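S.K.: What follows is each chain in one-letter form.
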Amino acid sequence: MTDITTKTCDVAVIGGGPSGLSAAITLKQAGVKSVVVLDREAVAGGIPRHCGHPPFGLAEFKRILTGPEYAKRIVKKAQQEGVEIALKTTVVLLEKQGRLTLVSPDGTSQLLAKRVLLATGTRETPRSARFVSGNRPIGICNTGALQSMVYLKNMVPFRSPLVVGTEIVSFSALMTCKKAGIKPVAMIEQNTRPSVQWPVYYAASFFGVPLRRKTRIVEIIGGNRVESVIIAGGNGKEEKIPCDGVLFTGLFTPESSLARMSHLALDPDTGCPLVDNNGRCSDPVYFAAGNVIFQPVKVAGKCWQSGIRIARAIVDDLSG
Amino acid sequence: MKSGGQVISTDVAIIGGGVVGCAVARRMALAGASVVLMEKAPDILDGASKGNSAILHTGFDAPVDSLEWQCVQNGHQEYLEIHKSLNLPLLKTGAMVAAWTEEEEARFPGILEKAHKNQVNDIRQLSQAEIHKLEPHLAGNVRAALYIPREYVIDPWSAPLAYLLQAIENGGQALFNAEVTAGGYDGEHWLLDTPQGQVRAKYVVNAAGLYGDIVDTRVLGDSEFVIKPRKGQFVVFDKAAGNLINSVILPVPTKITKGIVLFPTIFGNMMVGPTAEEQESRDDASVDTATLNALHEQALRMLPALKGIPVTATYAGIRSATEQPEYRIREEPERNWITLGGIRSTGLTAALGIARHVETLLKGFGAAFEKRQNPVVSRVPNLANHLSRDCHTPGYGEIVCHCEMVTDREIKAALSGKMPAGSLSGLKRRTRVTMGRCQGFYCSARLAELTEDKFETPLSVGEAHD
Ligand SMILES: Cc1cc2nc3c(=O)[nH]c(=O)nc-3n(C[C@H](O)[C@H](O)[C@H](O)COP(=O)(O)OP(=O)(O)OC[C@H]3O[C@@H](n4cnc5c(N)ncnc54)[C@H](O)[C@@H]3O)c2cc1C
Ligand SMILES: Cc1cc2nc3c(=O)[nH]c(=O)nc-3n(C[C@H](O)[C@H](O)[C@H](O)COP(=O)(O)OP(=O)(O)OC[C@H]3O[C@@H](n4cnc5c(N)ncnc54)[C@H](O)[C@@H]3O)c2cc1C
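Chains as they are written, first to last, in the working numbering: chain A, 1 to 320; chain B, 1 to 466.
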């Protein structure tokens, strides 16, 4: 890696999800010349690409779209505004002065940006980091993996899993299960009440999935594939439930590893990059928007708005 | 794969595809023997070799004058000689034995004396200034420390893969899903039964690890040792912790265990572990919440800067210990059989040395092979974080696993060739796919597609349908 090419741009946006794309569009509309969106996936659009259900787009487009429809629409809009989107391009290193190292199938390169926007989104906490006891068989995943398997590849990781968690995303997970012919054996919540009230109650009765409160997962049992789980209710009584998978939903954690590996400061409680009111990071060349800075996480529409707001701050900063 | 009825003839049959069996296969293939390795799982490394600390030991704390010490020393040396040619990585970390209490420090003279007896003469005591310079993030109350410069970190899965691959490239053969269920000796040849057919061999090496005693009992009629499985759990921290320590931080060892270690991995992470838990099961590598929490807390105590750094993974390995704290090598010259039993907590390092020992023993049995001239030397893909990876060479298609930067070119290569992955975990060990921070959140779909119809237990159980 001796002769690395270095390019320059006005603003580099890391992440082509709702917040990154709305920011890029706003920057373009404000007259910023070279705005490049870098996304490591082969297709831009971010998480909505695999949320095969409505409602997306109400605030932005005044219509109800599914996630994939919405993702296509925001990408198209960005392209119409002249935003350059570099796909299959992974940002691997952030350095001072807006120096980014990129890896793509064409090779490793550097990009020097006057301003950088981190819009890398959020994901769910995997089983490992939750320290759940038991074996480590196949069939354990998060909603993100389930949804991308179902909506992008028409595949399913299990047929009768236990669903852990009752956040809004858990509700989407039940919809995905229904769509894919997956019949969860139960949905469990360790607190007295579900994290979101009505949708889960509704979902549980609507989808025929028993909701068990004050219940936690004690152990995962299985050889090659998940065979059963042990759960414990409020009275501590343990029960073994046969199932072929465990779906860990929610417990969002920012996809902020790039920032964590860099000179940027993180919020010690949330793990999000530390930002001021204008989304500015500890290094003033860097900004962040969207779900990488939101804890608790927000819906796509709010991330879209966050991108617009922070992009305006960047425009002000560049011109002032 | 061979069909049920057939008989494969070979000079040396090796039972078990752990790191020891793979190293023996390589050694004997290079020595000129025909070799067949039989592994009961669909891929190599299904036992003790699946989860270890990946430290290349010097043997400074090995039992003095023991065979284990000899094999560790020889293994360490040979690894250094061959690793470059096989493209196996080496992280020159060094190790630090840290004492936090007076009692621990009081054991230093004993450790030094033992190290010197074990010919590890470059061990030395560090000054406070040196401790701080070498490990600035360690909790400030370290009283004293010893430094062992040649304790290194390696890739625990690519090494055995490279050994077996070299055996295969030099005429060897490996059978998977080939559990040795029975066998008999006719005075000249062994005939071993496996679901993949029978193997007829002049010499047999039992390297069945956690099942070594069971195989001996099954085939020889008795076993000289009893396997006492000892589980070790680990917590793997995010790569952000990778630069918090430079060396392997060893506690002052006790009689039972080397203790809880903090160490960098070759993949750029930092780990804490292993525990030492006696158990009945030879297969149950489960983790448990209480132990993981305790490990996590201990790591934070030793390295306060870990606070807030996320956990990437947790896992456990099972040591094939026996009722005695030593290797249990059984030699049966009358029946041309060797059992490599009780290769407990140093087998990754010692494997190449054990293989050398096997060659010597077989010579003693009267085996005479013609050393292979100009053997094929085959390189395995590099997975080490500090060296160039596949994604650094253009034309890789796309990155499938973003956390570990695994390309689809890499995955396709690992699914083909002379040693294709036989299971999803085999693929993970060959590429690191899904082994990073998100544990498959982003890449499971693509991975399910790439591995469709490849494995007996696939990621996807079928189509999505209403
Ligand atoms: C499983 C799941 C389900 C969800 N379901 C819904 C839902 O139904 N409705 C809803 O409104 N919200 C949902 N959300 C919330 C979702 O986070 C937001 O809708 C929205 O996608 C956030 O937008 P974003 O731009 O901040 O991040 P994302 O949409 O996550 O986009 C981040 C982008 O950054 C890219 N990226 C990350 N790191 C790098 C790097 N190093 N280099 C290059 N590119 C990089 C990624 O490829 C990705 O395209 C869900 C979230 C999750 C995790
Ligand atoms: C927690 C832990 C930490 C460790 N740390 C280190 C370290 O840092 N450095 C170091 O050098 N060593 C370390 N070790 C030790 C090292 O991992 C072991 O010594 C080594 O893996 C033993 O390998 P093996 O080939 O003897 O056994 P195994 O890996 O158990 O291999 C035996 C193989 O035989 C197969 N088999 C069993 N029965 C049959 C049958 N009937 N027919 C066919 N196949 C069969 C099994 O499926 C298995 O794949 C550690 C071990 C553990 C558990």
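Hints in this document: simulated from the structure, not taken from any laboratory. Careful, some of the hints might be misleading.
[Unchecked claim] The following label-pair restraints were derived from C-beta to C-beta distances:
| hint | chain 1 | residue 1 | chain 2 | residue 2 | range |
| --- | --- | --- | --- | --- | --- |
| 1 | A | E81 | B | N243 | 37 to 47 Å |
| 2 | B | V376 | A | G223 | 34 to 44 Å |
| 3 | A | A265 | B | D65 | 35 to 45 Å |
As the structure is a computational prediction, the values presented were derived from the model and not from experiment. Just so it is clear, CB atoms sit at the ideal spot from N, CA and C, and this is done for glycine as well.
S.K.: Given a hint of 34 to 44 Å, does the C-beta separation of V376(B) and G223(A) actually sit inside it?
M.R.: Check passed, 37 Å falls within 34 to 44 Å.
S.K.: Do A265(A) and D65(B) keep their Cβ atoms within the hinted range of 35 to 45 Å?
M.R.: Violated, since A265(A) and D65(B) (Cβ atoms, about 55 Å apart) do not stay within the stated range.
S.K.: Holds or violated: 37 to 47 Å for the Cβ distance of E81(A) and N243(B)?
M.R.: 40 Å, holds
This entry does not satisfy hint 3, going by the numbered hints stated previously; all others are met.
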